[in-house]
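J.: Sequence:
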Amino acid sequence: MSSSEFLQYVPIFSELPPDTLEKIAQVGSRQKYVKDNIILMEEEAGSALFVIISGKVKIARSSDDGREVILSILNESDFFGEMAILDGQTRSASVISLEDSELFIIQRNQFLELLRSHPEISIALLNELSSRLRAADLKIKSLTLKDAEGKVAIAILQLADEQGKIKQGIVEIEKLPLQQDLANMAGTSRETISRTLHSFVKKGLLELEGNKLRILNYEKFKESYV
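Residue 10 is where the sequence shown starts when you use this note's numbering, and the numbers rise one by one after that.
It is possible that part of the hints are untrue.
[What the hints assert, rightly or not] Result set (DSS-like, lysine-lysine): computed pairs, CA atoms no more than 30 Å apart in a straight line: (1) Lys184 with Lys229; (2) Lys221 with Lys150; (3) Lys231 with Lys150; (4) Lys184 with Lys212; (5) Lys150 with Lys176; (6) Lys231 with Lys176; (7) Lys44 with Lys65; (8) Lys184 with Lys44; (9) Lys176 with Lys221; (10) Lys65 with Lys221; (11) Lys150 with Lys229; (12) Lys184 with Lys65; (13) Lys65 with Lys229; (14) Lys41 with Lys174; (15) Lys174 with Lys229; (16) Lys212 with Lys174; (17) Lys174 with Lys184; (18) Lys174 with Lys211; (19) Lys211 with Lys229; (20) Lys65 with Lys174; (21) Lys150 with Lys211; (22) Lys44 with Lys221; (23) Lys212 with Lys231; (24) Lys211 with Lys221; (25) Lys184 with Lys41; (26) Lys65 with Lys150; (27) Lys176 with Lys212; (28) Lys231 with Lys174.
Keep in mind the hints are simulated off the structure, nothing from the lab.
Could you build all of it, start to finish, from the sequences and the hints given here?
T.: See below:
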């Protein structure tokens, strides 16, 4: 797929005409990363916006005691790096590839020029940032107020929002992260993840099939734990 073709599926660029997408494709570059590559390091200077063409990455920070805390898992057509571009500060988190990935990279000065010439990108970017802020608020609530079961539920709901597909009230997550990554998202242990997932299955809230997970009644599950 050409750069201009995949850009039309990126939320902040989806309203742009084909000729503008072609111009964006020409100013950006493509870079491949193998699984477990560090793409960005927390606290380094930020000078580019990254869009995922293919693959999957995790956004993570290190806690004071050295533990990894996964803030988000991003997939195809998602983007990252916008905060450092907008405020000129250092990166707020590290980004690591969870599988072989290809990224489209736009340098800061070129992206800022796009914002000036195409206000619709700014509006779409604000919508995305608002959505991420709500997700961050939910994670803070989970880490500070919830018991272990609630923390795991919030992590599952976050994955559902980021990569789930809904049909008739059932949300399916096709590729559930490794249990250790889920634990790092929920702020708990791998053993707690395993135990809680099986508890949810016994209660009829979830179905597990390999690394595929289904939330059988998404709205009920959300109401129970948010």
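J.: Each hint should be assessed against the structure and marked as holding or not.
T.: Status of the hints after comparison with the structure:
Between Lys184 and Lys229, the direct Cα distance comes to roughly 22 Å. Compliance with the 30 Å bound is thereby established for this hinted pair. With a CA separation close to 26 Å, the supplied pair Lys221 and Lys150 stays within the 30 Å bound. Simply put, Lys231 and Lys150 have alpha-carbon atoms about 14 Å apart, close enough for the 30 Å limit, and the pair holds. Between Lys184 and Lys212, the direct Cα distance comes to roughly 22 Å. Compliance with the 30 Å bound is thereby established for this hinted pair.
Between Lys150 and Lys176 the alpha-carbon distance is near 28 Å, which keeps this suggested pair within the 30 Å criterion. A distance of roughly 16 Å separates the Cα atoms of Lys231 and Lys176; the hinted pair therefore holds under the 30 Å criterion. Taking the CA atoms of Lys44 and Lys65, the gap is about 9 Å. The hint holds against a cut of 30 Å. Of the pairs offered as hints, the one joining Lys184 and Lys44 holds, with about 15 Å between alpha carbons and a cut-off of 30 Å not exceeded.
Our distance criterion of 30 Å between C-alpha atoms is met by Lys176 and Lys221, whose separation comes to about 15 Å. Using a Cα cut-off of 30 Å, the hinted pair Lys65 and Lys221 holds, with the two alpha carbons roughly 16 Å apart. For the hint linking Lys150 to Lys229, the alpha-carbon distance of about 19 Å falls within 30 Å, and the restraint holds. The hinted pair formed by Lys184 and Lys65 meets the criterion: a straight-line CA distance of about 10 Å does not exceed 30 Å.
Distance check on the hinted pair: Lys65 and Lys229 sit about 29 Å apart at the alpha-carbon level, within 30 Å; holds. This hinted pair checks out: Lys41 and Lys174 have alpha carbons roughly 27 Å apart, not beyond 30 Å. Restraint check: the Cα-Cα separation between Lys174 and Lys229 comes to about 16 Å, which is no more than 30 Å; the hinted pair holds. This hinted pair checks out: Lys212 and Lys174 have alpha carbons roughly 22 Å apart, not beyond 30 Å.
Distance restraint check for Lys174 and Lys184: the Cα-Cα separation of roughly 11 Å lies within the 30 Å cut-off, and the hinted pair is therefore satisfied. Distance check on the hinted pair: Lys174 and Lys211 sit about 23 Å apart at the alpha-carbon level, within 30 Å; holds. Taking the CA atoms of Lys211 and Lys229, the gap is about 16 Å. The hint holds against a cut of 30 Å. Straight-line distance between C-alpha atoms of Lys65 and Lys174 comes to about 16 Å, which keeps the hinted pair within the 30 Å bound.
Taken as a hint, the Lys150 and Lys211 pair is honoured in the structure, with Cα atoms around 26 Å apart against an allowance of 30 Å. The straight-line distance between the Cα atoms of Lys44 and Lys221 is roughly 20 Å, inside the 30 Å bound, and the hint therefore holds. Between Lys212 and Lys231 the alpha-carbon distance is near 15 Å, which keeps this suggested pair within the 30 Å criterion. Straight-line distance between C-alpha atoms of Lys211 and Lys221 comes to about 16 Å, which keeps the hinted pair within the 30 Å bound.
Simply put, Lys184 and Lys41 have alpha-carbon atoms about 21 Å apart, close enough for the 30 Å limit, and the pair holds. For the given pair, Lys65 sits about 26 Å from Lys150 by alpha-carbon distance, which is consistent with the 30 Å threshold. This hinted pair checks out: Lys176 and Lys212 have alpha carbons roughly 21 Å apart, not beyond 30 Å. The straight-line distance between the Cα atoms of Lys231 and Lys174 is roughly 15 Å, inside the 30 Å bound, and the hint therefore holds.
Violated hints for the displayed structure: none, as all numbered hints are satisfied.
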